[in-house]
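*Asks:* One letter stands for each residue in the lines below.
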Amino acid sequence: MSRASATASPARPARLRWAGAMVLGLLCLLLAACAKQDERQVIRFWAMGYEGEIVAQLIPEFERQNPGLRVQVQQMPIISAHEKLLTAFAGDSLPDVCAIGNTWVPEFALLDALAPLEARVGATPSMARADYFDGAWDTGMVEGHLYAVPWYVETRLPFYRRDIAQRAGIKQPPKTWAEWQRAMAAIKREVGPERYAILLPLNEPEPLLNLGIQAPEPLLRDGGRYGNFRSPGFKRALTFYREAFDQRWAPTLTNTQVANVWNEFGRGYFSYYVNGPWNIAEFRKRLPADVQDDWTTMPLPGEHGPGASVAGGASFVVFRSSQKQDAAWKLVEYLSRTDVQIRFHGLTGNLPPRRSAWNAPALTRDPYAAAFRDQLERAKPTPKVPEWERIAMEIKLVGELLANRRLSVDEAAAELDRRADRILEKRRWMLDHRAEAAAGSGR
Amino acid sequence: MKASTAGWVFAAPALTVIGVFFGLPVLAAFALSLTDFDIYALANPDNLRFVGFDNYLNLLQNPLFWRALGNTLYFVAVGVPLSVTVSLGAALLLHSKLGTFKPFFRTAYFAPVVTTVVAVAVIWRYLFHTRYGLVNWALSGLGIDPIDWLGDPTWAMPTIILFAVWKNFGYNMIIFLAGLQAIPEDLYEAARIDGASPWRQFRHVTLPMLGPVLLMVGILTLAGYFQLFAEPYVITQGGPLQSTVSVLYLMYEEGFKWWNLGNASAVAFLLFALMTAATSGLLWYARRKGVE
Numbered sequence: 001m002s003r004a005s006a007t008a009s010p011a012r013p014a015r016l017r018w019a020g021a022m023v024l025g026l027l028c029l030l031l032a033a034c035a036k037q038d039e040r041q042v043i044r045f046w047a048m049g050y051e052g053e054i055v056a057q058l059i060p061e062f063e064r065q066n067p068g069l070r071v072q073v074q075q076m077p078i079i080s081a082h083e084k085l086l087t088a089f090a091g092d093s094l095p096d097v098c099a100i101g102n103t104w105v106p107e108f109a110l111l112d113a114l115a116p117l118e119a120r121v122g123a124t125p126s127m128a129r130a131d132y133f134d135g136a137w138d139t140g141m142v143e144g145h146l147y148a149v150p151w152y153v154e155t156r157l158p159f160y161r162r163d164i165a166q167r168a169g170i171k172q173p174p175k176t177w178a179e180w181q182r183a184m185a186a187i188k189r190e191v192g193p194e195r196y197a198i199l200l201p202l203n204e205p206e207p208l209l210n211l212g213i214q215a216p217e218p219l220l221r222d223g224g225r226y227g228n229f230r231s232p233g234f235k236r237a238l239t240f241y242r243e244a245f246d247q248r249w250a251p252t253l254t255n256t257q258v259a260n261v262w263n264e265f266g267r268g269y270f271s272y273y274v275n276g277p278w279n280i281a282e283f284r285k286r287l288p289a290d291v292q293d294d295w296t297t298m299p300l301p302g303e304h305g306p307g308a309s310v311a312g313g314a315s316f317v318v319f320r321s322s323q324k325q326d327a328a329w330k331l332v333e334y335l336s337r338t339d340v341q342i343r344f345h346g347l348t349g350n351l352p353p354r355r356s357a358w359n360a361p362a363l364t365r366d367p368y369a370a371a372f373r374d375q376l377e378r379a380k381p382t383p384k385v386p387e388w389e390r391i392a393m394e395i396k397l398v399g400e401l402l403a404n405r406r407l408s409v410d411e412a413a414a415e416l417d418r419r420a421d422r423i424l425e426k427r428r429w430m431l432d433h434r435a436e437a438a439a440g441s442g443r
Numbered sequence: 001m002k003a004s005t006a007g008w009v010f011a012a013p014a015l016t017v018i019g020v021f022f023g024l025p026v027l028a029a030f031a032l033s034l035t036d037f038d039i040y041a042l043a044n045p046d047n048l049r050f051v052g053f054d055n056y057l058n059l060l061q062n063p064l065f066w067r068a069l070g071n072t073l074y075f076v077a078v079g080v081p082l083s084v085t086v087s088l089g090a091a092l093l094l095h096s097k098l099g100t101f102k103p104f105f106r107t108a109y110f111a112p113v114v115t116t117v118v119a120v121a122v123i124w125r126y127l128f129h130t131r132y133g134l135v136n137w138a139l140s141g142l143g144i145d146p147i148d149w150l151g152d153p154t155w156a157m158p159t160i161i162l163f164a165v166w167k168n169f170g171y172n173m174i175i176f177l178a179g180l181q182a183i184p185e186d187l188y189e190a191a192r193i194d195g196a197s198p199w200r201q202f203r204h205v206t207l208p209m210l211g212p213v214l215l216m217v218g219i220l221t222l223a224g225y226f227q228l229f230a231e232p233y234v235i236t237q238g239g240p241l242q243s244t245v246s247v248l249y250l251m252y253e254e255g256f257k258w259w260n261l262g263n264a265s266a267v268a269f270l271l272f273a274l275m276t277a278a279t280s281g282l283l284w285y286a287r288r289k290g291v292e
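As you go down the protein sequences, you meet chains R and F in turn.
Using the working numbering, you'd call the opening residue of the first sequence number 1 and step up by one each time.
Using the working numbering, you'd call the opening residue of the second sequence number 1 and step up by one each time.
A portion of the hints provided could be inaccurate.
Unchecked claim - To list a few chain R residues with every Cβ distance to chain F over 12 Å, as calculated:
1) 109
2) 110
3) 194
4) 223
5) 259
6) 362
7) 370
8) 387
9) 390
10) 396
11) 422
12) 434
13) 437
As the list claims (entries may be wrong) - Sample of chain F residues at the chain R side, in silico, Cβ under 10 Å:
14) 62
15) 106
16) 136
17) 145
18) 167
19) 168
20) 171
21) 194
22) 197
23) 198
24) 239
25) 241
26) 256
Keep in mind that the hints were calculated from the coordinates and are not lab data.
Think of the CB as a built atom: it goes at the ideal place given N, C-alpha and C, for glycine as much as any other residue.
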């Protein structure tokens, strides 16, 4: 390196001068930029995953409309986002506004990290409550207060192979569990012992959870103090789940063992795959051209007709610690606008939580999105206790034991209750403690 | 100044560093393990309870902890001897006069040690795939039915052990190689003149001379294998049916996934106690045998 520059001595002085001028120029530019930045208020905005990367494209328009504001977007990887947020909370370095997973809202509300938003929504006519899907909006409500506004929603429903279903003699998508079971039995007869009717990955809680949330009983009882998995409704879901493995409609496999889910779906290794809307784009991109007409989506069948499912996705929250909550809210308001949501859908394929955004041609003309539009009206939030993520993991583990015939349905239900009760022990103590304290101060 | 005082003064900077960066955190972690520190306590210190040894008692009653302990011991009991044997074998091969291309093989055997676990784990997951994996394809050539290596609870841990041994044996191999090269050649010469076969040369010259190196490699490997984490984390995520959950994996989940830092600290201390016991046992055995 040094030798190379020494041999190039004739050009050296000129080049050096050039470099010096460049550095100086850059410095000036930087200084000028810094000086200019100081005049604008900076909103710190954290967003997760791919969305965090893409949302930066929507920011220049916001900054043009709000000349006094500058948005600093920081992208968090989904895997470590939760840890990073908790660490930021512990270290008092949370941003002004953030998009977090819907299931995390109760946890951060309990930490008292979130600013209540009902007054702000009330003062923002462009964000009409009635325009949002109920399930999505409800995920932001904790103990009667609104802490989060949905950004994009997702729910899970079956992607399926229309051609295989037709060959098996199924004319229209099943609507009830019984119809779905008949369809899976027919497909299994059609595809033979080496292939399956449905993929229910054992390393995900969602397939079982989405069946269980259809139960008329809540998943937790007594204000989230105990598990309620021994309810008749949840047991019926466990029975349905177990049956799919017992009848060999579903393989006892995890996602990681199916080396490439899209390839296998394209090869017809399984015909139903319960998954989220992000897979619309993936299937379009990854399936071979000759299978492109053969797959589609359908609403999740329920026990006695179209069923409920879990309302997932991400929501905006404003942190209580922020000094710039007004500016942060302006950003939330902008990103929640129907036209911005439609643009965001175009960029990412994420589904908007507002009914008005669904009138956009991009969505009304999308045949795969229609089932999601239908399903979103029935999406329900998961129980709002901070321990929920952990209980969901136990649902996954017990579901795996059930699928492998290590537990019967009754044993699985009892085991789930036992595990959930152990996880909720601290919560019970706290609620009792709080009740005692309230009684004490009232005396 | 007395000689002993001067010694303390010289040692003081190092001792301070050890005290601040090792002693204090360990004490803090032990204190943490006596409480139920979790996200609730993070929100409001009033939610912190002193629970004494309850965390430890609960762990001892938790079937998952025993399961994780059993899995870890299985991994250690099979993995450590296997790893030491394979690395010694490789070192002997590389040391032997008959071997050719030695620098190439030395590099090749050492390569897995320096590659990232994540990258090679992805490749191994493909090699051991039930339907498309090279391993099952080779076995089918021998007429053996496909084995669900990573999906069957009985096979998942052996697969992980194979992976870990393959990944790590190069490191011990280099240490053994250095040890072998330090054995004086005249010992072998004397043994040969006495008519010792290669096997007897190995038993009566190589092994005794390698004693201290063997002990060190044994302890290092033991300590490393007790801390099994990355392999199951990347390949199986503790599954199937929690057959590859290790003690450290359990600690990670308790501590960093669920923020039950009290519980996680208790797991860490139990693991620490276990490792101390195992290493002391090994040292005691070595001392009795006269190797040190």
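*Asks:* Against chain F, does residue 390(R) keep a CB gap of more than 12 Å to every residue?
*Replies:* Violated, because the least Cβ-Cβ distance between residue 390(R) and chain F comes to about 5 Å, which does not exceed 12 Å.
*Asks:* Please verify that hint: residue 171(F), Cβ, nearest Cβ of chain R, below 10 Å or not.
*Replies:* violated, 28 Å
*Asks:* Would the least Cβ to Cβ distance between residue 110(R) and chain F come out above 12 Å?
*Replies:* Not fine: 6 Å to the nearest Cβ puts residue 110(R) too close to chain F.
*Asks:* Are residue 197(F) and chain R close enough, Cβ to Cβ, to be under 10 Å, as the hint says?
*Replies:* Since the shortest Cβ distance to chain R is 49 Å, the answer is violated.
*Asks:* Determine whether the non-interface label on residue 362(R) survives the test: each CB of chain F must be over 12 Å from its CB.
*Replies:* holds, 36 Å
*Asks:* So residue 422(R) supposedly isn't at the interface. Is its beta-carbon more than 12 Å from every beta-carbon in chain F?
*Replies:* Residue 422(R) not clear of chain F: closest Cβ-Cβ about 9 Å, inside 12 Å.
*Asks:* Non-interface claim for residue 434(R): all C-beta distances to chain F beyond 12 Å?
*Replies:* violated, 10 Å
*Asks:* Examine each Cβ of chain F, and state whether all of them lie more than 12 Å from the Cβ of residue 370(R).
*Replies:* holds, 34 Å
*Asks:* Per the CB criterion, is residue 239(F) less than 10 Å away from chain R?
*Replies:* Constraint on residue 239(F) satisfied, holds at 6 Å.
*Asks:* Residue 256(F) was flagged as interface toward chain R. Is the shortest Cβ-Cβ separation under 10 Å?
*Replies:* holds, 6 Å
*Asks:* Given a cut of 10 Å on the nearest C-beta pair, is the interface hint for residue 145(F) held or broken against chain R?
*Replies:* At about 14 Å, which exceeds the 10 Å cut-off, the nearest Cβ of chain R leaves the hint on residue 145(F) violated.
*Asks:* So, residue 136(F) near chain R? Judge it on the closest CB pair being under 10 Å.
*Replies:* Violated. Min distance 12 Å.
Consistency with the previously given hints fails for numbers 1, 2, 3, 5, 8, 9, 10, 11, 12, 13, 15, 16, 17, 18, 19, 20, 21, 22, 23, ordered from lowest to highest.
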